[in-house]
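J.: Add chain B to chain A, keeping to what the hints say.
Residue strings, one per chain:
Protein chains: 2
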Amino acid sequence: MQSSLSKKERSPSAKRRDAQTERSADTINKLLEATIDLLYKYGYSKFRIADVIKNSKVSRGGRLHHFATKKDLVESAIEQLFVDEISQQTKAANTSSTDVIRHAAQAISDFHSSRLYRVIINMLISTGRLEQLTDGVRDISIRSRNQIDKGWINSVVQLGFTTQESEEILGLLWSVQRGIFIENLTGSNPCNDQSHELEFVISLLNEHLKVP
Amino acid sequence: MQSSLSKKERSPSAKRRDAQTERSADTINKLLEATIDLLYKYGYSKFRIADVIKNSKVSRGGRLHHFATKKDLVESAIEQLFVDEISQQTKAANTSSTDVIRHAAQAISDFHSSRLYRVIINMLISTGRLEQLTDGVRDISIRSRNQIDKGWINSVVQLGFTTQESEEILGLLWSVQRGIFIENLTGSNPCNDQSHELEFVISLLNEHLKVP
Numbered sequence: 216m217q218s219s220l221s222k223k224e225r226s227p228s229a230k231r232r233d234a235q236t237e238r239s240a241d242t243i244n245k246l247l248e249a250t251i252d253l254l255y256k257y258g259y260s261k262f263r264i265a266d267v268i269k270n271s272k273v274s275r276g277g278r279l280h281h282f283a284t285k286k287d288l289v290e291s292a293i294e295q296l297f298v299d300e301i302s303q304q305t306k307a308a309n310t311s312s313t314d315v316i317r318h319a320a321q322a323i324s325d326f327h328s329s330r331l332y333r334v335i336i337n338m339l340i341s342t343g344r345l346e347q348l349t350d351g352v353r354d355i356s357i358r359s360r361n362q363i364d365k366g367w368i369n370s371v372v373q374l375g376f377t378t379q380e381s382e383e384i385l386g387l388l389w390s391v392q393r394g395i396f397i398e399n400l401t402g403s404n405p406c407n408d409q410s411h412e413l414e415f416v417i418s419l420l421n422e423h424l425k426v427p
Numbered sequence: 216m217q218s219s220l221s222k223k224e225r226s227p228s229a230k231r232r233d234a235q236t237e238r239s240a241d242t243i244n245k246l247l248e249a250t251i252d253l254l255y256k257y258g259y260s261k262f263r264i265a266d267v268i269k270n271s272k273v274s275r276g277g278r279l280h281h282f283a284t285k286k287d288l289v290e291s292a293i294e295q296l297f298v299d300e301i302s303q304q305t306k307a308a309n310t311s312s313t314d315v316i317r318h319a320a321q322a323i324s325d326f327h328s329s330r331l332y333r334v335i336i337n338m339l340i341s342t343g344r345l346e347q348l349t350d351g352v353r354d355i356s357i358r359s360r361n362q363i364d365k366g367w368i369n370s371v372v373q374l375g376f377t378t379q380e381s382e383e384i385l386g387l388l389w390s391v392q393r394g395i396f397i398e399n400l401t402g403s404n405p406c407n408d409q410s411h412e413l414e415f416v417i418s419l420l421n422e423h424l425k426v427p
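Protein chains in written order, with this note's numbering: chain A, 216 to 427; chain B, 216 to 427.
Bear in mind the hints are in silico, worked out from the structure with no lab data behind them.
A hint or two may mislead.
[As the list claims (entries may be wrong)] The calculated lysine-lysine pairs, modelled on BS3-like cross-linking and capped at a C-alpha distance of 25 Å, are:
id, chain 1, residue 1, chain 2, residue 2
1, A, 425, B, 425
2, A, 286, A, 269
3, B, 261, A, 256
4, A, 261, B, 256
[Claimed, not checked] Non-contacting residues of chain B with respect to chain A, defined by C-beta distances greater than 12 Å in every case (computed):
id, residue
5, 265
6, 290
7, 314
8, 325
9, 423
10, 425
Built from N, CA and C at the ideal position, the CB exists for glycine as well.
Chain A on its own, in the form it takes in the complex:
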């Protein structure tokens, strides 16, 4: 039977297709990696496809075959990073620890120091003025955040919170961490120890759990 053939026994044309698929995946990875690297370093407004081709050492044809436009390339790269982030956070959220809120807070904090979030922030301010993200990136962000939250909300519900409360808890953790991130950037928080602030939120939420 065809399906029981090992790779070695496959026909020459099937082997050729395997090799092609591998080369394709490799090309795509190189393009996405170079894209992220440039967005991370220079932001969206200075992003040029010519630089991606130069840095990734992929031919212009190779690029055009996979991504028609700059927007395509950028959105695919960000989506790829989000896929990794979702899988990592979903794994972390799948915990039976009673200290779920601390784990969630930590994971959300880690996200804010990730390369992905830096790329998004760089896109947002790339022109030197505040600007909205492209619709595509905003959609990917919202979809991904919903996916990430789903895992954590499931685990928070196990603690005894309702779904609505669990959503509110996740929303609060995101806002607080985002605020701490911005205050770190501006250096304008009078209190240097922000882990203190996180502890306070965690204790408020754990207290809330005990309220009848």
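T.: The following block gives chain B in isolation, referenced to the frame of chain A:
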């Protein structure tokens, strides 16, 4: 007695000095107003003293007399806005309402939609990359925030919280509001109604107050 003379009865030279002081204050106000306007619109890296002089209709000599450098002018303008903000918030904080936490949250929320905060954000991202504020502006921000917090902390202590807890509460309200501000900018919060989030924090804090 000299001091009991009304303005009309003062000597010609004193009248001249009065007029000079008034002209000076007027010149300073025009310069600071034009500075804020340009920072608000274009950010720090595109800020030019020549534009301030053009927009404020103040002579180059008038400017040089009051502010030696671009940095002087910018820091004085931001400090002036903070003086107004501190006075406004100190007045708001001086309340006997039992709903102090809601008032504080609202005042901090209002600050984030103010022209002052927009100017600071524009300075922060003026080059199209994240950069620190100048040391002077960071110092003014921290000093002002401490002043603003002092008023609110006094009123929160009246509710029965300790000073340390009151500081933590203020820190939390600032971070949450800053996070909500950033999420509004990116449009990346899946939940559109952020007043909901604020209500949740307020209810957590009021609940915390009741814990023995």
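J.: Evaluate each hint against the coordinates.
T.: How the hints compare with the structure:
| no. | hint | in the structure |
| --- | --- | --- |
| 1 | 425(A) with 425(B) | 13 Å, holds |
| 2 | 286(A) with 269(A) | 18 Å, holds |
| 3 | 261(B) with 256(A) | 21 Å, holds |
| 4 | 261(A) with 256(B) | 21 Å, holds |
| 5 | 265 | 19 Å, holds |
| 6 | 290 | 14 Å, holds |
| 7 | 314 | 18 Å, holds |
| 8 | 325 | 16 Å, holds |
| 9 | 423 | 6 Å, violated |
| 10 | 425 | 9 Å, violated |
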